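A.B. asks: Next come the chains, spelled out residue by residue.
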Amino acid sequence: SAEEGPEVIKAHEAINHEPTPLDIERDGSDVYVNMTAQITDIEIDDGYNYKAWTFNGEAPGPLVVVNEGDTIHFTLDNMDPSIPHSMDFHAVHTAPDKGFADVAPNEEGTFVYEASNPGVFMYHCGTDPVLSHIANGMHGVIIVQPDDGYPTDDEVDQEYVIIQNEWYKYNDLDNMTNEEPSQVVLSSKALHDGQPNTNGTVGALIDEPLKAKVGDKVRFYINNVGPNEMSSFHVIGTLFDDVYIDGNPANHQEGMQTVGLPASGGAVVEFIVKEPGTYKFVTHQFNHVQKGGVGKLIVTE
Amino acid sequence: SAEEGPEVIKAHEAINHEPTPLDIERDGSDVYVNMTAQITDIEIDDGYNYKAWTFNGEAPGPLVVVNEGDTIHFTLDNMDPSIPHSMDFHAVHTAPDKGFADVAPNEEGTFVYEASNPGVFMYHCGTDPVLSHIANGMHGVIIVQPDDGYPTDDEVDQEYVIIQNEWYKYNDLDNMTNEEPSQVVLSSKALHDGQPNTNGTVGALIDEPLKAKVGDKVRFYINNVGPNEMSSFHVIGTLFDDVYIDGNPANHQEGMQTVGLPASGGAVVEFIVKEPGTYKFVTHQFNHVQKGGVGKLIVTE
Amino acid sequence: SAEEGPEVIKAHEAINHEPTPLDIERDGSDVYVNMTAQITDIEIDDGYNYKAWTFNGEAPGPLVVVNEGDTIHFTLDNMDPSIPHSMDFHAVHTAPDKGFADVAPNEEGTFVYEASNPGVFMYHCGTDPVLSHIANGMHGVIIVQPDDGYPTDDEVDQEYVIIQNEWYKYNDLDNMTNEEPSQVVLSSKALHDGQPNTNGTVGALIDEPLKAKVGDKVRFYINNVGPNEMSSFHVIGTLFDDVYIDGNPANHQEGMQTVGLPASGGAVVEFIVKEPGTYKFVTHQFNHVQKGGVGKLIVTE
Ligand SMILES: [Cu+2]
Ligand SMILES: [Cu+2]
Ligand SMILES: [Cu+2]
Ligand SMILES: [Cu+2]
Ligand SMILES: [Cu+2]
Ligand SMILES: [Cu+2]
Ligand code: NA
Ligand code: NA
Ligand code: NA
Ligand code: NA
Ligand code: NA
Ligand code: NA
Ligand SMILES: [Zn+2]
Ligand SMILES: [Zn+2]
Ligand SMILES: [Zn+2]
Ligand SMILES: [Zn+2]
Ligand SMILES: [Zn+2]
Ligand SMILES: [Zn+2]
Ligand SMILES: [Zn+2]
Ligand SMILES: [Zn+2]
Ligand SMILES: [Zn+2]
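Residue numbers (the numbering used here), protein chains in the order written: chain A, 247 to 547; chain B, 247 to 547; chain C, 247 to 547.
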């Protein structure tokens, strides 16, 4: 029971797969994306190891970036010896019972999709019960870069990816279903060389802050992978000059203090940092900041 | 007390009114809508009967469809022998203390409104305490069809109505006020002949799935009647090409993965299904999927 | 502990500072805003005094109104003998570690900002733990009036400010972090002479209702200061003809029944009241109405 602490699935007990780097290769507009489902320990808070169900040993999983119009050839190598896993990309059109089908333990599955819509999309394992698979760590972000870009592309000096996720009691479906999250965290995935690439751990973006220069316009690609809570994303000390809901260039809003993201919702947000110093970003639901929902952007001359 | 189980109001104990079909008649732009407030058992989960407070014996109540510019002549026949009930249509302008006034037990009341705004609107009983009346089942949807239609009307091949609602412990105002919902469910009301017309029960739209053909553009008129939770509405395997917030043609968004609906918020969402198969739709707050918040759309050649 | 009831900080026990009127003076486009951090008893429900941490002895704090393009010279006089406090205006660009820096007990701090973005913005104390400072009462609204106004300015006959906030167990960070709010309330701050200027107390806008005339277009500047919950703002008996998300004239939506506000989100909403009577406004999350989230607008000939 919950009182007795986390219950690790018997077959997972001896497993701690080394993270597998994302394997992504391009041939014209054909993109070959190879990912794993694997069981990997993640220290989600100081001294607290969570034997996460992951894509590639990261939670959130690795960032996938493709172009509008690409064909994605996706292969999932399920290294889990005991449970099927699968992939649901919010970016694509497919019959879920085929394109997002379960891959059996120790097997591989390949699926082909068109990336016809630009935006900042959640991906996640879609195997039943989906709540367990997401809450145990099987979520991430795929960016589909718009053909014609964003109207504000020329103004942007720095860009980062920020993901919000929650953690619950270990693999405890009742807790995941009925209780408040234990941790609410923000992470970043490297969009460019040298950027932080973190898991969704308490303090991840305090320990590895993001960086910008005075006067920069900074873009965040954000997504709230849930599984249960909304996000009220806000950067302290500035405002969002430009917001594109779900990352679609057509969905433009201006001058926003805070962007509400439903579970699995995304956005592109852009803001200017005018003075050197430390800018924290949060979900402005401050109970969730108490649980870890805060990161840092350091701005220097 | 809650521990002792549901408490049925004494006067309701022996009542289980047969559902009363919606009585709606048109004379030019005058529409005569006759509804009942009645006490009817609804099996909200397998073997679990809820003695619901309803409009016309359904929860959500019957779908009402009118045209922008119509005059609604609304009559409520309150068949409840013990409690007043009333009607609050979100679609209209009226002084609530008159137009949404209580109708006493065993009496009738008639009210007249203009339907001057297009959209997908919640209706509900507005009698105090409103939380009890909504949570016990007195909610539904009225669609006001826009004079000039939606810009995408010509593209749409199938259209359905989807409603999200929550259930709590039976008639337990403390539970409704302070606790998480026991069930979160999706239902559909027949907009066209032969479509499913269900109550908000666990599995309603698994047992009676919606249908479309490969290549169809499907429109859902959606509303989240609450009473307490937001919805993060999503269809697995596709994206919303076009979204009209609250169903107003002026509030157009594009390429969205998920639409956040506040309590009582609505939308029109449109998406294409490109391959045959089974597409589930959910609130992407997956704790609520565990509680019933999922339905099926079956797509065939 | 929580069971033993509210814990007042030792140094606050003997303090009940008289509310300090907002001191705001203009010299061209330079606006001098002087506020206090002070400890003041607020009767948040009948007979329930909350020794609030406040700006100027009000919770929400006093309404601040400036013009787009103004320079704000802000001074915080921290009258609290024991805890630092600070100011975070969502309306401005500043390095938070400087512009929103802590002001030590019994000291003053002055900060200068440009108000370069129009809208309806939250302000709050930003001292750690921020959740305690907001939930204990240190929040409010600053309106930055747009240079070119709103496209609907000429239509508006009455305008009011409405703020939603939550209360938790007294100064109980664990309760604030993990539990549902004890009260959810709506308040108003006088934007024009003779308007109600209330604290966020249960029944505030029932006891001091807002007023309009038949046929008026009414504008509400609304903000949900949280700290934790979203708002689903709705006026019973009417619809929002025009909505400007976060109060930015560029973010226009039409014909909405309900506006979802993330934590700290704002909006301008405008609606017409066509008949004399009493119009309640609520967050349509009716569990929160049970906790106080309701006010009244009285419309007369
Ligand atoms: Cu999985
Ligand atoms: Cu999904
Ligand atoms: Cu009723
Ligand atoms: Cu309502
Ligand atoms: Cu403070
Ligand atoms: Cu803030
Ligand atoms: Na720049
Ligand atoms: Na800010
Ligand atoms: Na079509
Ligand atoms: Na999808
Ligand atoms: Na007018
Ligand atoms: Na209304
Ligand atoms: Zn999985
Ligand atoms: Zn929460
Ligand atoms: Zn811009
Ligand atoms: Zn009722
Ligand atoms: Zn919930
Ligand atoms: Zn379109
Ligand atoms: Zn403070
Ligand atoms: Zn709540
Ligand atoms: Zn208008």
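FYI, nobody ran anything at the bench for these hints, they're computed from the structure. This structure is a prediction, so every number in the text was calculated from the model and none was measured. Possibly wrong hints are sitting among the right ones.
Identical copies look the same in the list; a pair holds intra-copy or inter-copy alike.
Simulated crosslink set (BS3-like; lysine-lysine; CA at most 27 Å straight-line) [what the hints assert, rightly or not]:
(1) Lys463 - Lys256
(2) Lys344 - Lys542
(3) Lys520 - Lys457
(4) Lys463 - Lys344
(5) Lys415 - Lys520
(6) Lys457 - Lys344
(7) Lys256 - Lys457
(8) Lys459 - Lys415
(9) Lys463 - Lys415
(10) Lys297 - Lys520
A.B. asks: With identical chains treated as interchangeable, where does the CA-CA distance between Lys459 and Lys415 reach 27 Å or less: within a copy, between copies, both, or neither?
C.D. replies: The answer is neither: 40 Å in one copy and 42 Å across copies each exceed 27 Å.
A.B. asks: Up to 27 Å between alpha-carbons, please classify Lys463 paired with Lys344: within, between, both or neither.
C.D. replies: Result: close only across copies, 20 Å inter versus 42 Å intra.
A.B. asks: Pop the pair Lys297 and Lys520 into one bin, within, between, both or neither, using alpha-carbon distances up to 27 Å.
C.D. replies: neither (42 Å within a copy, 38 Å between copies)
A.B. asks: State whether the alpha carbon distance between Lys463 and Lys256 is at most 27 Å within one copy, between copies, both, or neither.
C.D. replies: Close neither inside one copy (49 Å) nor across copies (46 Å); limit 27 Å.
A.B. asks: First find the shortest C-alpha distance between Lys344 and Lys542 inside one copy, then the shortest across copies, and answer within, between, both or neither for a cut-off of 27 Å.
C.D. replies: between (41 Å within a copy, 15 Å between copies)
A.B. asks: Please sort Lys463 with Lys415 into within, between, both or neither, judging by C-alpha distance up to 27 Å.
C.D. replies: For Lys463 and Lys415, neither the intra-copy (39 Å) nor the inter-copy (41 Å) Cα distance is at most 27 Å.
A.B. asks: Under a CA distance limit of 27 Å, which applies to Lys256 and Lys457: within one copy, between copies, both, or neither?
C.D. replies: neither (43 Å within a copy, 41 Å between copies)
A.B. asks: Pop the pair Lys415 and Lys520 into one bin, within, between, both or neither, using alpha-carbon distances up to 27 Å.
C.D. replies: Neither way: Lys415 and Lys520 sit 41 Å apart in one copy and 39 Å across, limit 27 Å.
A.B. asks: When no copy is named, should Lys520 and Lys457 be tagged within, between, both, or neither for a Cα gap of at most 27 Å?
C.D. replies: Within. Shortest intra-copy distance 13 Å satisfies the 27 Å Cα cut-off; inter-copy 42 Å does not.
A.B. asks: Within a copy, between copies, both or neither: where do Lys457 and Lys344 come within 27 Å Cα-Cα?
C.D. replies: between (42 Å within a copy, 17 Å between copies)
Checked against the numbered hints above, the structure breaks hints 1, 5, 7, 8, 9 and 10 and satisfies the rest.
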